[in-house]
Each structure stands twice: as structure tokens, then as C-alpha cells.
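Number of protein chains: 2
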Amino acid sequence: MDIFQTNKNQKRLVIIGGGFAGIELAKRIDTKKFEVLLLDKHNYFTFQPLLYQVATGGLEPDSVAYPLRKIFSKKKHISFRLAEVFKIDTDSKVIETNIGFIPFDILVIASGSTTNFFGMDQLQKNALSLKSVTDALDLRSFILQNFEAALLTTDINLQKRLLNFVIVGGGPTGVEVAGALAELKKSVLPNDFPEIDSQLMSITIVESGANVLGVMSDFAQRKSKKQLEEIGVNLMMNTQLVSYDGRDAQLKDSSTTLSASGKIETSALIWTAGVKGNIPAGLKPDLIVKGNRIVVDDFNGVKGVKDVYAIGDVASIEKGAHPMLAPVAMQQGKNLARNLNRKNENEWKPFSYFDKGTMATIGRSRAVADLMFNIHLKGFLAWMSWLFIHLMLLVGFRNRIIVFINWMWNYFSYDRAIMLIVRKYNKKSEP
Amino acid sequence: MDIFQTNKNQKRLVIIGGGFAGIELAKRIDTKKFEVLLLDKHNYFTFQPLLYQVATGGLEPDSVAYPLRKIFSKKKHISFRLAEVFKIDTDSKVIETNIGFIPFDILVIASGSTTNFFGMDQLQKNALSLKSVTDALDLRSFILQNFEAALLTTDINLQKRLLNFVIVGGGPTGVEVAGALAELKKSVLPNDFPEIDSQLMSITIVESGANVLGVMSDFAQRKSKKQLEEIGVNLMMNTQLVSYDGRDAQLKDSSTTLSASGKIETSALIWTAGVKGNIPAGLKPDLIVKGNRIVVDDFNGVKGVKDVYAIGDVASIEKGAHPMLAPVAMQQGKNLARNLNRKNENEWKPFSYFDKGTMATIGRSRAVADLMFNIHLKGFLAWMSWLFIHLMLLVGFRNRIIVFINWMWNYFSYDRAIMLIVRKYNKKSEP
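These protein sequences, in sequence, are chains A and B. Here the first sequence is numbered in the numbering used here, starting from 974 and rising by one per residue. Here the second sequence is numbered in the numbering used here, starting from 974 and rising by one per residue.
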């Protein structure tokens, strides 16, 4: 079946990736001018900021993701195909996918990012990460399986190892996972696993920098540190992970806080310390820069390649790379759509990032937020703002209602009800 | 860790299986007399009557299942362990599991039932079934993948084959799946997959008996037939499946409705035509009767084996086997708990099944119900009764709210929103 039903006034626009960037572009593109084909290897959009709540039993996966077809089901001239892109050929203007060759007039690469293990294969094999819905479900199964395993032994050292959660990376994801695990320790573990001494559970953030939330304000860094300590999260700053074999995390320390061996005994290591661009094959190697991103000009055009653009995490603007954040991705999608909709290329506007602020939750009723106009919040007020903004950002009205009810439930019951081990997580090496 | 913390007045009661029967027993047992250990290979209870809605995108898996630990978290003397039972030794009174040997004073086998393919390996390899949460998620992925695949071909025969849903078995599960698929055809397929001609989708129930819902009243059989035909489901009665290779279903027909070849071209066959008891190894072969069930006396005691009981689907009362239904399982669990709680064995009461009725939905706003006092309902009223009763039977208040909201959503939007292919279903042979 020919995917494109282009009329003579339309160009074929192919978007690779249905994330924040790709969706924003598709939503705003002028379909009188473009026949749009959106490709993604999943049939759903993932709202990544809430994945940590899926991993810790607070939300269903189905309420933080949304079927891509449904977003565009009312729109003519926008099609979706479930497809994996193997290779891009920018000269012949065709991409190779598992559903065949697809020609394009304009190509937008919005394939996002994936966990970066920096080539440490042993770490990749043994650590958990949190970039996709399946990652989150694996982590949920893994946490519950470790709790169950801790019940089956009288060896207190093995129990400690199973319950010693080490999060490497003190960015927003690391901090939010740590906060949610601290809630599990406080409210869920004592109820659901009364036979386990919940004090054996330990949560540690290992961060190579001097502070958690290094991308945020000094205020946020100080307050988040304080709030994390209040809920019992251990902080190991200026510390780098060297290796992890599934039993012991080997650390390198630039201060003196480490034990002589520099080891932490843990069979639960969560890696949130790096992401890298997710680039389809076929681009010239000199287009790929730091963080495995594609170098683009001020208009998100891939350097020296006509009619090919990159937006979101995968794009790195030559004059100054932006952080790999959802707001950047959304704004780049919006800006590119507006430019493509314009008649004359000399009317195009360069991308400029408008920073609306950054926020992170730290368990129940605690958060930090850097907002516009130099407003910095902490505690309950920051937490309420976080809840409200994320509820509004969710895709789908049904999802909003379900998330809202789950949050109310979690808040008033102190429980986390969504605790099914639907698919067993098979640990690759024994604890 | 010793699982049992029995005091001198307590006996060790082990329950294998956290389904309707096992849970009902555990809830009602006198924990002054018994220290209870509940074992299940999943950490959750599955509300099987709603699995078909998970498979067709109407409900999240997390709202039809409930963590077993949470059911008993407030109860002392009831423990849960995630465990697979390998073998029962009724002489030494010990069971062998993947978490070690577990001794018992009293054993209750409540391990339920599983899909029965009657030894047809090729069928088992190629058909889908619907007995567990993972089955339901596989079926959901499978349906969506077939829709996606139908988009990629211009071969109309292949499209028809991909969209030809054949349900073998006209019991409640088969009828409910067929009804839900008819809703997908009518309301979801035209919106989400506008490029597919939805008339190519076809839904057929193949049933070896003369009528669907053979276990229900004549009234229900007639009305359900009418309602199924109204929503466009094809009925092939008096027809048996002989084989299925993933492409063609070979049928045997005792009437004359079949084409000469007796074949249906389908790559979407759902098998709901049989269940069999799920018996752990170790019981004497002469205890296992028709339907792979354990023969028990009127008190659900395993014939000739002291202190070992079987309840629910896995149990077959010698004087007259009951159908494998949730109400039977629940009532047997309740009756056995009451008997075990009694002081004297001569006070024990034999099990007698109190039939409160049977019901089945047939898509949107349609259903049939046989109730007590010879009341028979059909249509909207039966459908509302079905919704209300199933909402009340759900475990967990949160689940009830979420299911209620999803039902409201599905009803008013005509949509099915929970359509994620979270884990790809890998078909074992090509269409």
C-alpha cells in the first residue's frame, strides 16, 4: 500500500520518532503543505517524566503513555506507522525500515535518546535504567522480586545487599527515583513485607559532581540535599562508579568519605548517570558530536544536508548545545513546524530556548522548583506545582483523570497499589 | 528464615494458589487455630472475568489484578510467598517448591485451571488463549500488531486473513471476546486505522455444540445468539476445530454450512474451548479424573488422603463435579474454611453449590443473565447488572474506582484508550 497519498501541493514529510519533539512538530505542521508520516518503533508516546512512578508502583504504565495513532486519528494527512528505521540515505532521499523503503522530501530526525553506559558492558548487563516503559516495568518487577528474595534468607548480609538500592546519577531522574524508594521504605515495605526489617533497606545516590541536581539553582541544590537527607537518602557526592558486577559497585572517590575498599555491596543498582542520542545509521560520521548527537544549525537543519532536520535530544545546535530536556524538544518541534509552514526561507526564525524552569520531586510532599522571574520554591508548594504542571502536560484526558485519582489514592492511603510482577525480571547475574 | 511462627495451639495450613478459592479460604480461616501460608507463582490475584477487557484495550491489567500481599497485609498469621510448587508429598506432609521444602499439617490445593489444548501441539503453538494477565496482554499486542500489519500490504487476501478473528469455543469467555472485538471493529478500527477498510474485519465463533452459552438457559442461548448476530458476529455451531497451523483453521462439521474445503483462512485464532485442572506433581494417578481434576469427597477432602483438600477448578466432587466457575470456587473456599474452623469433625457440613446465576456481556449495552428465582434478563438491563456485580466483586477500592472511570470513558467516548504494545507478541509462525 502506498503510504503517501500526496496531492500536488504537498511535500512528503517523514518524522522519525514520536516523542516530545516529533509530536509537537506533527501537531503544528500545515497539512495543506505537507503529507506527514510519523514513524516510531513503539505504537505509543511515552511521558518520560512520570516513568519513575511506574517503576515504584504509583502509576500504571497505561496512564503515562498514549497511543500515537489516537493523537492524530482526527487529522487528515498525518499517518503513523509502527516501524524501526535501519538506515537513512540523504542523497537518494529514502529511508530503509523494517516495513520497507520510504521516500521523503523532507526528513526530521526526532529519535530521542537512550541510556548511556559509556561502553561499560558489565555495568550495562547488571544495572537497571529508566528511559522507557519496559525499563520502568522491569524496575518495578526487580524491586518487588528483591523484596521477595529478602524474605527467603536468614543471611543478614544477603538481605542488606538485596535491599541496598544504589542510584548512580544525581540528576532529576536519580533524585526522583531515590525519593520514591524512600517512600516505599517508609510506608509500603513495613505493611506489605512485615517480616522484613525495613531498616535494612538503604537508598544511596552516587554522584560524580559536588551536588545533586547540578543543572538547577544553588537554592534547589541546597534544599534538595536537605530534603533527601530528611527522608533518609544517603548522598555520596564527588564519587564515580568504576564498575559493577551485579554484587559489588566499585567506586572512585575524590574526597575521603569512602571505606578502604571503595566498594558498596548491592544487587540493586539503578543507572541514571548518562544519556546519548539515538541516531539511525547512514549519517556521515563528522555530523555526530558529543553525546552521540547530530550537529545542526540554528534552524535545526542537519549541517550541510539539505531537507534533513534533527530536533530534540538527538540534536545538538552547533553554536551551543541545549540540555536533553522535554521543554527543549517541544520548543524545537514547534519552531521547526513554524519555519516549515512559512513560504519563504528568509522568513525562518532561528531556535532560541525559553527556559520556563526546572523542577524535581523528592518523595511525598517535597520538591524543588526553579521557575521564571527568579522564583525558587521548595517543599509542599513546589510539590503541588509539580503535580499540577505534570497533570496538565499529560496526553489524553482519560490519562489525566486516572493519574489524578492514583495520586489522591497514594497520598491519602500512603500505599502504592500497582505492584504486580507481570513479567518477571531476569537478573543477568546472581546476587 | 523459618516461614512458620506457629504457636502451640496452631496448625500449619498451606494453601497452594491465590485465586478465588484460595483467597476466600484464607480470608475466613480462624488464625487462632491456623498459621496460614499462601503460595502462588504470581504475586497477584487475577480477576479472570475481566481479562477479555484487558485484551481489547478497555481496562489496564493493573485494575483487574490485585497484589496478594495487600489482601492480607493487615492480618496476622497469614503469610504469602511467591513460589512455584514442584511436588507434593502427602506421606511426609511436605511440599517441594522453588523456594525450598515446606512442611504442612493441613494442605489445601487451590491451584486452579489452565487452557486445555487437548494435546494438539500445533494448535497450542499457533493459537492465543485468555486465562492469565500475560495471556491478555499478549492478545492485546497481537490484535494491534495484526491491525498494523494489515496496513502494510495491498494483498486483500492477506488483509482479510489478518483481520479474520476466529474464536473457538462459545462459552462465556468466547462470547465476551467476540462482543468486545465487534466493538473494536465498529468504533475503534475506523478511527484509529482509517486506511483499513473495517468491513474486512470479521469475527466468528466456532462452537462444537448446537448453541453458544450452552451452560445457560434456553432464553439466554436464544437471546445471546440474536444479540451476537445484531453486532455482526458469525456463528458456526456444531462445528469442531481439527487443526490450526497459524494460517488455516481446518474444521469438521456435523451440519452442512461449511465450504467444500472446510477451511477458514485466519491468522488470528483465539482458543477458549477448554480448561483443565492445574495439578502439582506427586498425587497418585487414580486421584486424577476427567478434566485433569482431583477427585474429592463432599467436604473437598482429597479421596483417601488425610489432611489434604482441593477446592475450586482443580477439585472434582466425586458425587457430581461442579462447573469450573468462580462462584463454585469461592463457595468451596468458604465452606472448607468454616469446616476447618469447627472443633469437631462430626460438625462438618458437606459442600453444596448455591447457584446465584450466570451472565455474559455481548459488546456494548448487550448482555444476557440467568438470575435466581427463574429471572432471565437480556439487553441493557442485563448489561447494567453485569457491570454492577462485577464492579462489586473486584478486589481493592482503588481498582473499583479506576474500572468505573474506564467504563464511563469507554461508554461515552466509544473509544478504547489502553492500546499500548508494551511487549511485542512474537507470533510463532508467519501469517
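Hints are computed from structural coordinates only; laboratory data are not their basis. Errors might be hidden in some of the hints.
Since the list can't tell identical chains apart, any single copy or any two copies may satisfy a pair.
Claimed, not checked - Derived pair list, reagent style BS3-like, types lysine-lysine, alpha-carbon separation capped at 30 Å:
#, residue 1, residue 2
1, 1199, 1047
2, 1397, 1098
3, 1014, 1397
4, 1159, 1322
5, 1279, 1236
6, 1104, 1014
7, 1014, 1098
8, 1104, 1005
9, 1225, 1133
10, 1048, 1397
11, 1060, 1236
12, 1263, 1104
13, 981, 1397
14, 1257, 1005
15, 981, 1199
16, 1397, 1249
17, 1133, 1236
18, 984, 1098
19, 1225, 1276
Model, not experiment: these values are computed from the prediction.
For each hint, the structure was consulted:
1. Within a single copy, residue 1199 and residue 1047 get their C-alpha atoms no closer than 48 Å, and across copies no closer than 34 Å, so neither meets the 30 Å cut-off.
2. In this assembly of identical chains, residue 1397 and residue 1098 lie within 30 Å of each other by CA distance both inside one copy and across copies; the values are 16 Å within and 22 Å between.
3. Within a single copy, residue 1014 and residue 1397 get their C-alpha atoms as close as 23 Å, and across copies as close as 11 Å, so both meet the 30 Å cut-off.
4. Proximity of residue 1159 to residue 1322 under the C-alpha cut-off of 30 Å is found in neither arrangement, the shortest distances being 51 Å within a copy and 45 Å between copies.
5. Taking the shortest Cα distances, residue 1279 and residue 1236 never come within 30 Å of each other, neither inside one copy (51 Å) nor across copies (54 Å).
6. Proximity of residue 1104 to residue 1014 under the C-alpha cut-off of 30 Å is found in both arrangements, the shortest distances being 14 Å within a copy and 28 Å between copies.
7. Taking the closest pair of Cα atoms, residue 1014 and residue 1098 come within 30 Å of each other both inside a single copy (23 Å) and across two copies (26 Å).
8. In the homo-oligomer, the alpha carbons of residue 1104 and residue 1005 never lie at most 30 Å apart, since the shortest distance is 35 Å inside one protomer and 48 Å across protomers.
9. In the homo-oligomer, the alpha carbons of residue 1225 and residue 1133 lie at most 30 Å apart inside one protomer (22 Å), although the nearest pairing across protomers, at 61 Å, exceeds that limit.
10. In this homomeric assembly, residue 1048 and residue 1397 come within 30 Å of each other (Cα to Cα) only across copies, at 27 Å, whereas the closest approach inside a single copy is 39 Å.
11. Taking the closest pair of Cα atoms, residue 1060 and residue 1236 never come within 30 Å of each other, the shortest separation being 42 Å inside a single copy and 41 Å across copies.
12. Taking identical chains as interchangeable, the C-alpha atoms of residue 1263 and residue 1104 lie at most 30 Å apart only when both belong to the same chain, with a minimum of 20 Å there against 49 Å between chains.
13. Taking identical chains as interchangeable, the C-alpha atoms of residue 981 and residue 1397 are never at most 30 Å apart, the minima being 52 Å within one chain and 38 Å between chains.
14. In this assembly of identical chains, the alpha carbons of residue 1257 and residue 1005 never lie at most 30 Å apart, being 32 Å within a copy and 74 Å across copies at closest.
15. Taking identical chains as interchangeable, the C-alpha atoms of residue 981 and residue 1199 are never at most 30 Å apart, the minima being 62 Å within one chain and 50 Å between chains.
16. Proximity of residue 1397 to residue 1249 under the C-alpha cut-off of 30 Å is found in both arrangements, the shortest distances being 28 Å within a copy and 25 Å between copies.
17. For a Cα distance limit of 30 Å, the shortest separation of residue 1133 from residue 1236 inside one copy, 14 Å, qualifies, whereas the shortest one across copies, 60 Å, does not.
18. For the homomeric pair residue 984 and residue 1098, neither the shortest alpha-carbon distance inside one copy (44 Å) nor that between copies (45 Å) is at most 30 Å.
19. Within a single copy, residue 1225 and residue 1276 get their C-alpha atoms no closer than 39 Å, and across copies no closer than 65 Å, so neither meets the 30 Å cut-off.
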